Amino acid sequence: MSGDILELSAAQAIAAVQARELGAAELFAFYRERASRDAGADGEGLNCFTWVADGAPEDVDGPLAGVPLAVKDLFCTRDVPSQSGSRILEGYLPPYTATAVERLTGAGAALLAKTNQDEFAMGSSTENSAFGPTLNPWDRARVPGGSSGGSAAAVAAGLAPWALGTDTGGSIRQPAALCGIVGLKPTYGSVSRYGMIAFASSLDQAGPLTRDVTDAALLLGQMVGRDACDATSLQFPEPIEPPSAERLEGVRLGVPVELRGDVSDAGIEPGVRDAFERALALAEGLGATVVEVELPHAPHALSAYYVLAPSEASSNLARFDGVRYGFRAEDATDLLDMYTRTRHDGFGPEVKRRIMLGTYALSSGYYDAYYGRAQRVRTKLAEDFRTAFEAVDLILTPTSPGVAFGLGEKTADPWAMYLSDYFTVPMSLAGIPAISIPCGLSTDHAGSGPNDDGLPVGLQIAGPAFSENRLLDAAFAFEQALGFNEGAARV
Amino acid sequence: MSDAGAASAPAGNGAGARWEPVIGLEIHVQLATATKMFCGCALSFGEPPNTHTCPVCLGLPGSLPVANARAVHFGLMIGLALGSELAPRSIFHRKNYFYPDLPKGYQISQYDEPLCRGGTLGEVRIHRVHLEEDAAKLVHFGESGRIHGSEQSVVDFNRGGTPLAEIVTEPDLRTAEQAGEWLRLLRTTLRALGVSDVNMEEGSLRCDANISLRPAGSDTLGVKTELKNMNSFRFIERGIKAEIERQRALLDGGGQVVQETLHFDPTTRSASGAPGAISSLRSKEEAHDYRYFPEPDLLPVAIDEQMLADARATMSELPSDRAERLRRELSLSAESAQLLAFRSELADYFEAALAAGADPAPPAQALANWVGGDLSSRLGEGEDPADSRVQPRALAALVGLVAAKTISVGAARQVLDKLVADGGEPAAIVESEGLAAIGGGDELAAIVAAALAANADAAERVRSGNEKAIGPIIGAVMRETKGRADGGEVTRLVHEQLGI
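Residue numbers (our numbering), protein chains in the order written: chain A, 1 to 491; chain B, 1001 to 1500.
To be clear, the hints were calculated from the coordinates, so they are not data collected in a lab.
The structure displayed is predicted, hence computed values, not measured ones.
Glycine included, each C-beta is placed from N, C-alpha and C at the ideal position.
There's no promise every hint is true.
[What the hints assert, rightly or not] To give an idea of the chain A side of the interface with chain B (calculated C-beta under 10 Å), a few residues: (1) S82; (2) D334; (3) Q375.
Hey, can you work out the whole structure from these sequences and the hints?
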């Protein structure tokens, strides 16, 4: 039933395994074969994976019924390569497994593969990887977004039923949007960060990348919860329920004026704006009210983010010094020379750029002007959201100002690359949950895509902290009404 | 951290000016928790290298710290003992610098919002107390003994992540001896709290000194240096002394002190030939910008009423309070009370002896004198009498025998020698050695008479009013009685027989 297996969502696959219509081993072998083929394609595949499992794990009891899971490279997996896309962790095999992965495998998920990513999750295109770029299955001349591009492309291409990613400023939502799948960044603290190779500690959050909203709820439900190993983790106040809403009756949706394409400096593409407007009209048709809200500090979010995230990164990445693990430069003349050359040769250019930015921002004499001020913006922005959520239940924006862009198109212009997270960064700074779901195709790009009818556009829905159930319900209602063909890009 | 030496140098003081040293101390105390500051590894006491480690204290990718509640509890106890202001909310910062003993590339410490601020101990004001993690231990192979020029350096992470309390004083100390004495008081206080082993040789108590000189009478601070690596009380006093002398010579010669970190090496000699050379510390030589920022992996330490109540409930009696109690309740002299209380092992021994139920019971002051004097002086420096062969009850019995004049002080000293060497019971030793006092009866009178006869010249001088001449007579009696005679009784008998 190979063709049929590929058509199954993760939830359907679980049901099939539990009904004994499908063997877990057969399911795993099916995806392992597909993932291996991509990994072994030697430049002919999408380059989604950094590692693929040899065989199925033995113990796959639990509610996830042995459904294979692809996991972003930066999650530490015991005795399995975990490099966060960086040369500096070449050959590194962690002695322990990240809590989020442990919870999922404990619930019966089978570790299928590790996925490609931007180095240390720094990037929006998965081009900054020691393993080379991942290609977008909708159009192989384009990027899948990033930094969780390997996870997003693998799910869109049907190389994995679902995947785990991380989101610091949009790294789940933006690649989900660019690959036409669902990606959810949970409330900060709801999923343990223990074992996630850190980029920016106060922002990093793990979340699901899935074919549909139901799968996202299912995977998230098994990940959340307080972890004694992560002091910033929190007990999720309620169980994550399977979404079921079909209407949006009485739901108040807010569209931030500061994030509307026509006023923001994000350079929103007309095709994206059209898809977004269609989604708003659809929402009203489902019974929702759509109003404008204000997030006065949102236009400063990206600037604040590019102070705070690099500041934390400059410190988080200090441990990669060649002393204990990973790559070490040969023939150093002394300690400083060893440090310098190891980090010079081990880190890629974007990582070095951010380490320098962060080091500068934290320097004595500059701290208040940069880090201090950025923190104040962050506080103000969180207040903006709280105020907005007094008037509306959820906030809608496009996930990214554009559709998947060409490989190499933005690598020479970091700011242009950073702008693709313009709509996702504010929610990260506020620590609130946000989901990206496909909301149609951008007709600007007719001629692209598997059927030449355009490239996917993402709709971002954000809610207050711990509103994941409401978020998932609304996303589900949209999903049912939109009828997006998420299977169009399967290989 | 302390402001011993804001950069303003005293101006216009030529050679011969009288300089006043200004000293502040920074003390690192390893806390005696079960586990490390930010992970569950047990603290290490000399186990094989790298056996007490985990992903967190090795700084492995993806690992996260979780603050040790017990260390916070100990920090609060220290703050309470020092009378500090306890911050209702304090935060951990990252102190960023590269060094192989620092696996994360930053030390988690506290910066502008420490756990405790202010306070006093003795005459010295406390600036602050904060919590942090210890670095790992580097071992260098090769002649230099340091990382520069070493053939190979290896890291033992057993110590890495051990909880530390850093106690910073205000620059209130003026001499090396005063610094040493104050540090002993701090050690006793911390030991009484039970928060640390406070052993300098094993590194659970470490002290750096900030030293500057200023013209006597001035109230501005001179340029300070920071002196490190003084791992015993003796070295601390010697190191501070050496640095004061170095600065004094520099200033007297018209030179200026350069703000730097110095290393005291007790095994070598300085240029002037004094033991203990001072050299500039080159291992972490760059002027660091530590780029402190709030540790995003940890929540602020919020102190609630329960935590404060718990800290108060586990506080034991502090040395200064104990001295006061010994003085008040037992009428000990202030000097005795402080001597015992500031060396808590002496006070512990004293109180155990007092409570041992010896009959006849020893007077408290006499017992204190014996514990702090004769017994201490017979033991090694700093040795705990509880570890000696002299049972507290035995000493109490001995002092009781002296008080009852059953034995003389001289005989008691001989008994104590025996007790220190072999242990045992004073009464039995007195019996077996024949040390019982020779009473006031005929036996002693006869011995005195014989002594007077044998020292007729001296006897004559005593009779004619030269009381000092009694010495040889008493000496002769003591020789004859092997010290068993009571000095007062002998004097009385001499006077009686000479008719004065």
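Hint by hint, work out which the structure violates, then give me just those numbers in ascending order. none
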